[in-house]
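Once you have looked at the hints, place chain Y on chain F.
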Amino acid sequence: MTSSIKSRLALMAAATAIGLAAGFSAVTAADLTVARSVDADSLDAQKASTTQSLQITNLIFDTMLTMDKSGSVQPGLASEWSMSPDGKTYRFTIRDGLKCHDGSSFDAAAAKASLDRALSPETNNPNLSAWGPITGSKVDGKALTVSLSEPYGPFASFLTSIQAAFLCPSSFASAEFKPIGTGPFKFVSWTRNDSIQLAANPDYKNANPLIENPGKPHIDKLTFKVIPEAVARMAALRSGEADLVEPSLEEATDLKNDSNFKVYAAELSGQQMLAAFTWKIKPLDNPEIRKAIGMAMNRDAYASIAFEGLVNTANCPVAPNLFSTDEALCASWGVKYDPEGAKAIMEKAGYTKDKPLKVKLLVHKLPGWDQMHQIMQQDLAAINVEAEIETREVAAFFDYMKGVNEKTDGEPAVWTMGMSGVDPDYLTFLWKRPGFVNMGLNAEVDTMLDEQRKLSGEPRAAKIHEIEKYLMENAYAVPLLSPGWGWLMASNAKVEGFKMGFMVSLLFNDVTVSK
Amino acid sequence: MLLLILKRVLTAFATVLAVIVLSGILIHLVPGDPVTAMMAQSVTATPEVMAAMRARLGLDLPVWQQVALYTGHVLQGDLGMTIRGNEPVARLLLQRLPNTFALAVSGLGVALALGIPLGFLAAIKRGRLADTIVMVIAVLGVSVPAFWLGLILIQLFALKLGWLPVAGSGWRNILLPALTLGLTYCALVARMTRSALIEVLSEDYIRTARARGLKEHRVLLVHALRPALISIVTVVGLVFAYLLGGQVIIENVFSWNGIGRLAVQAMLERDYPMIQGFIVVFATSVVVVSMLIDILYGFLDPRMRQR
Numbered sequence: 001m002t003s004s005i006k007s008r009l010a011l012m013a014a015a016t017a018i019g020l021a022a023g024f025s026a027v028t029a030a031d032l033t034v035a036r037s038v039d040a041d042s043l044d045a046q047k048a049s050t051t052q053s054l055q056i057t058n059l060i061f062d063t064m065l066t067m068d069k070s071g072s073v074q075p076g077l078a079s080e081w082s083m084s085p086d087g088k089t090y091r092f093t094i095r096d097g098l099k100c101h102d103g104s105s106f107d108a109a110a111a112k113a114s115l116d117r118a119l120s121p122e123t124n125n126p127n128l129s130a131w132g133p134i135t136g137s138k139v140d141g142k143a144l145t146v147s148l149s150e151p152y153g154p155f156a157s158f159l160t161s162i163q164a165a166f167l168c169p170s171s172f173a174s175a176e177f178k179p180i181g182t183g184p185f186k187f188v189s190w191t192r193n194d195s196i197q198l199a200a201n202p203d204y205k206n207a208n209p210l211i212e213n214p215g216k217p218h219i220d221k222l223t224f225k226v227i228p229e230a231v232a233r234m235a236a237l238r239s240g241e242a243d244l245v246e247p248s249l250e251e252a253t254d255l256k257n258d259s260n261f262k263v264y265a266a267e268l269s270g271q272q273m274l275a276a277f278t279w280k281i282k283p284l285d286n287p288e289i290r291k292a293i294g295m296a297m298n299r300d301a302y303a304s305i306a307f308e309g310l311v312n313t314a315n316c317p318v319a320p321n322l323f324s325t326d327e328a329l330c331a332s333w334g335v336k337y338d339p340e341g342a343k344a345i346m347e348k349a350g351y352t353k354d355k356p357l358k359v360k361l362l363v364h365k366l367p368g369w370d371q372m373h374q375i376m377q378q379d380l381a382a383i384n385v386e387a388e389i390e391t392r393e394v395a396a397f398f399d400y401m402k403g404v405n406e407k408t409d410g411e412p413a414v415w416t417m418g419m420s421g422v423d424p425d426y427l428t429f430l431w432k433r434p435g436f437v438n439m440g441l442n443a444e445v446d447t448m449l450d451e452q453r454k455l456s457g458e459p460r461a462a463k464i465h466e467i468e469k470y471l472m473e474n475a476y477a478v479p480l481l482s483p484g485w486g487w488l489m490a491s492n493a494k495v496e497g498f499k500m501g502f503m504v505s506l507l508f509n510d511v512t513v514s515k
Numbered sequence: 001m002l003l004l005i006l007k008r009v010l011t012a013f014a015t016v017l018a019v020i021v022l023s024g025i026l027i028h029l030v031p032g033d034p035v036t037a038m039m040a041q042s043v044t045a046t047p048e049v050m051a052a053m054r055a056r057l058g059l060d061l062p063v064w065q066q067v068a069l070y071t072g073h074v075l076q077g078d079l080g081m082t083i084r085g086n087e088p089v090a091r092l093l094l095q096r097l098p099n100t101f102a103l104a105v106s107g108l109g110v111a112l113a114l115g116i117p118l119g120f121l122a123a124i125k126r127g128r129l130a131d132t133i134v135m136v137i138a139v140l141g142v143s144v145p146a147f148w149l150g151l152i153l154i155q156l157f158a159l160k161l162g163w164l165p166v167a168g169s170g171w172r173n174i175l176l177p178a179l180t181l182g183l184t185y186c187a188l189v190a191r192m193t194r195s196a197l198i199e200v201l202s203e204d205y206i207r208t209a210r211a212r213g214l215k216e217h218r219v220l221l222v223h224a225l226r227p228a229l230i231s232i233v234t235v236v237g238l239v240f241a242y243l244l245g246g247q248v249i250i251e252n253v254f255s256w257n258g259i260g261r262l263a264v265q266a267m268l269e270r271d272y273p274m275i276q277g278f279i280v281v282f283a284t285s286v287v288v289v290s291m292l293i294d295i296l297y298g299f300l301d302p303r304m305r306q307r
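Residue numbers (full-length UniProt numbering), protein chains in the order written: chain F, 1 to 515; chain Y, 1 to 307.
Hints are computed from structural coordinates only; laboratory data are not their basis.
Note that the structure is a prediction, hence the values are computed from the model and not measured.
One thing to keep in mind: the hints can contain errors.
Sample of chain Y residues at the chain F side, in silico, Cβ under 8 Å [as the list claims (entries may be wrong)]: (1) GLY32; (2) ALA45; (3) ARG84; (4) ALA90; (5) LEU92; (6) LEU93; (7) VAL142; (8) SER143; (9) LEU153; (10) HIS217; (11) VAL253; (12) GLU269; (13) ARG270.
With a Cα cut of at most 20 Å, we get these calculated DMTMM-like pairs of lysine to aspartate or glutamate [said to hold, decoys possible]: (14) F:LYS336 - F:ASP354; (15) F:LYS336 - F:ASP258; (16) F:LYS365 - Y:ASP33; (17) F:LYS178 - Y:GLU87; (18) F:LYS402 - Y:GLU48; (19) F:LYS494 - F:ASP220; (20) F:LYS454 - F:GLU466; (21) F:LYS402 - Y:ASP60; (22) F:LYS205 - F:GLU347; (23) Y:LYS160 - F:ASP258; (24) F:LYS69 - F:ASP450; (25) F:LYS469 - F:GLU458; (26) Y:LYS160 - F:ASP220; (27) F:LYS432 - Y:GLU48; (28) F:LYS402 - Y:ASP33.
Backbone N, C-alpha and C define an ideal beta-carbon position, used for all residues, glycine too.
If we strip away everything but chain F, and leave its shape as in the complex, we get (with noise of 0.2 Å):
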């Protein structure tokens, strides 16, 4: 340990000298460095949790389905599939040829390991139930064959999501976990809470509509960097320490207008912002109450100045972009932005300005969301709402969230949320009982959600069109805004042809970076 620090003591000394006549080196056409705030938790896709690990893997694996910009569900591993008449058994027919990083092939039988594992209870996989009713399946030539308990809609959606990575065997054929897979770029190395490194995979055949380049991404070598700190990885993009860094929401906006700089907002993100109610406790058991809330809240505000009018508006309990969502069919259900109209609303029910309504604005914190909740709590105060903002960190509000939602009594509260994915069956993860964080809401809608995961096309649509009018038309959501969060991404004006996927994943192969 001694010799350790004498020896780094010396290199400090050194450094000095050599630091003073020393600049830095440029970054090469090949390389890429990417910074962002925190690291991933894991690079086994079945059991990270988090958009930042998710947002790795998927460079790494593949998935057996994609998505276009329509939300048409697309080849991916699978060059085809179909879905028997009754919904429940579903073939992946394996595109030939594939290779995994190690060299060894990606088959049927290898996508069945992969489902396998995905299922099991041991591997721990925080997105089990997203996989659906699955019984069993099994090899069928080129083919996988999936069978299910019951037909459920949003299966072939949910195949094309990052959280439905396909893993080679060789990635989990021994106790320690390896990263292999047969995606785009191959696993190099990992110093946790430093950096991760990929490398181009040059047998890669692209099937994701998003991408134009056909085979090996133009980039060589891919790193990823973690700066915590926003002002630190600003100045590491301005001096050229990396190429593509998450900017802060202020930083971003001043980006915009430069030149030499590039600011990218994922439309696809699948994104959610939304308003909801403990509506177990007076007086927000109350529809009309929820009403005028709703229509105090000027989401065009929230927009333009909290987000520096870096995100859209959004109408629809679901995200736009996904499968049958209308944003011009829910801003018919929902309500508008009329603080006049929802004054009167909340006066006729006896609540004046010296005798307001005193409601907890329960959020986290997130860039952005902070002043909108500042904007929202003015908006509240003019329709004699008086609301008091509580601000916690993100595990435990939702933690918190559980128990305030399960509440009949109490001060009553309004509190936002955000969710992601890239189908609408998320609305059964939140609505259907008890619901994310107890959120659930009564049988009638749970009947719905479960009926529209037994429908598929044309019909499924109508259904999911059906709850949003019973979650809009009761004021028990109001959405506010989409995206929202970690969806901002700056480069420099070198780099080229960089893209922003579904989940805010990020696509790499058409990127080029000029000297």
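Frame of chain F; chain Y shown alone:
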């Protein structure tokens, strides 16, 4: 002397044990648990999936049982596995300790190299312009937030001058965080050196030494500095122990991959074994350094050996 060492070792052991038990209880009092933190971004995790996960991780056991189990494992030298990555906590801590240690030593080195001469100068020029300047620097050093100073140094050395990198854990990356820490703590060292020297310089034996005609530099460096070192060693020891606990803010600002950053990430993820592993290391380093200071006192001041 042997008795003093034995007493200090036993006290140190009991202190670390108490910290493990207390921190174990306190962690469970914080709202949210590892499973909630893990699922915060995943609406697809049903209550059944989360309950099964809690059961597999042993989080459904009563708090006292979880704390007792953990304490038992620590006493056997096992710090457990992380909940997120399922990696040995001890291995992760050991991987990062050299980085934290290097930063602590470098930061302390800068603090001592600047702080002791400045404090010395202020003491011998007491009440004069040099003393005032040093004390203004000291007050500034204590008042300026370390993260702000760090960001200013990044702007200057990385962005404007382009001499040093912004982030990372390589050898070039240590310069800016070490300088930030050094500038922050040199103020404390300078103040302590000044007050300790002023106290010693008013002692009778210093007057006697001067009366005997000893040269001033010999009086100051030989007769005054050594007794003043006792107070300085105390501060230096505590600062070093604190630095070994991981400079959470500095490590974050400079993306320095030490145990401080590991701890912050673990806290956000409610990764109990990782948080407790960090606390064990932090508590142990503070206790061991305090113990070493006590023992060092015995060498510096023979009167301490009698106690």
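Now for the hints, and whether the structure bears them out:
For GLY32 of chain Y, the interface hint holds, since its Cβ comes within 8 Å of a Cβ in chain F; the closest pair sits about 4 Å apart. With a least beta-carbon distance of about 5 Å to chain F, the hint placing ALA45 of chain Y at the interface is held under the 8 Å criterion. Using the Cβ-Cβ criterion of 8 Å, the hint placing ARG84 of chain Y at the interface with chain F is satisfied: the shortest such distance is roughly 4 Å. At a threshold of 8 Å, the smallest CB-CB gap from ALA90 of chain Y to chain F is about 14 Å, leaving the interface hint violated.
Because the smallest distance between the Cβ of LEU92 of chain Y and any Cβ of chain F comes to about 7 Å, under 8 Å, the interface hint for this residue holds. Because the smallest distance between the Cβ of LEU93 of chain Y and any Cβ of chain F comes to about 11 Å, over 8 Å, the interface hint for this residue is violated. At about 22 Å, the closest approach between the beta carbon of VAL142 of chain Y and any beta carbon in chain F exceeds 8 Å, and the interface hint on this residue is violated. Interface restraint check: SER143 of chain Y against chain F, minimum CB-CB distance 20 Å, threshold 8 Å, status violated.
Restraint check, LEU153 of chain Y versus chain F: the minimum CB separation of about 10 Å is more than 8 Å; hint violated. Look at HIS217 of chain Y: its Cβ only gets to about 27 Å from chain F, farther than 8 Å, so that hint breaks. Checking VAL253 of chain Y against chain F by beta carbon gives a least distance of about 5 Å; that is within 8 Å, so the hint holds. Hint status for GLU269 of chain Y: holds, given a least beta-carbon distance of 7 Å to chain F, under 8 Å.
Because the beta carbon of ARG270 of chain Y sits about 6 Å from the nearest beta carbon in chain F, less than 8 Å, this interface hint is met. Annotation: proposed proximity of LYS336 of chain F to ASP354 of chain F is violated, straight-line Cα distance about 26 Å (limit 20 Å). This hinted pair does not check out: LYS336 of chain F and ASP258 of chain F have alpha carbons roughly 36 Å apart, beyond 20 Å. Restraint check for LYS365 of chain F and ASP33 of chain Y: satisfied, since their Cα atoms lie roughly 18 Å apart, inside the 20 Å limit.
Between LYS178 of chain F and GLU87 of chain Y, the direct Cα distance comes to roughly 13 Å. Compliance with the 20 Å bound is thereby established for this hinted pair. Between LYS402 of chain F and GLU48 of chain Y the CA atoms are separated by roughly 14 Å; this keeps the pair inside 20 Å, and the hint holds. For the given pair, LYS494 of chain F sits about 16 Å from ASP220 of chain F by alpha-carbon distance, which is consistent with the 20 Å threshold. For the suggested pair LYS454 of chain F and GLU466 of chain F, the alpha carbons sit about 15 Å apart, so the restraint of at most 20 Å is met.
For the given pair, LYS402 of chain F sits about 17 Å from ASP60 of chain Y by alpha-carbon distance, which is consistent with the 20 Å threshold. Only pairs whose Cα atoms come within 20 Å are accepted, and LYS205 of chain F paired with GLU347 of chain F is rejected, the gap being roughly 63 Å. Restraint check for LYS160 of chain Y and ASP258 of chain F: the C-alpha separation of about 18 Å stays at or below 20 Å, so the hint holds. As the CA atoms of LYS69 of chain F and ASP450 of chain F are separated by approximately 27 Å, the hinted pair breaks the 20 Å bound.
Pair hint LYS469 of chain F plus GLU458 of chain F holds up; C-alpha atoms about 16 Å apart against a cutoff of 20 Å. Of the pairs offered as hints, the one joining LYS160 of chain Y and ASP220 of chain F is violated, with about 30 Å between alpha carbons and a cut-off of 20 Å exceeded. For the hint linking LYS432 of chain F to GLU48 of chain Y, the alpha-carbon distance of about 13 Å falls within 20 Å, and the restraint holds. For the suggested pair LYS402 of chain F and ASP33 of chain Y, the alpha carbons sit about 13 Å apart, so the restraint of at most 20 Å is met.
Going through the hint list in order, the structure does not satisfy hints 4, 6, 7, 8, 9, 10, 14, 15, 22, 24 and 26.
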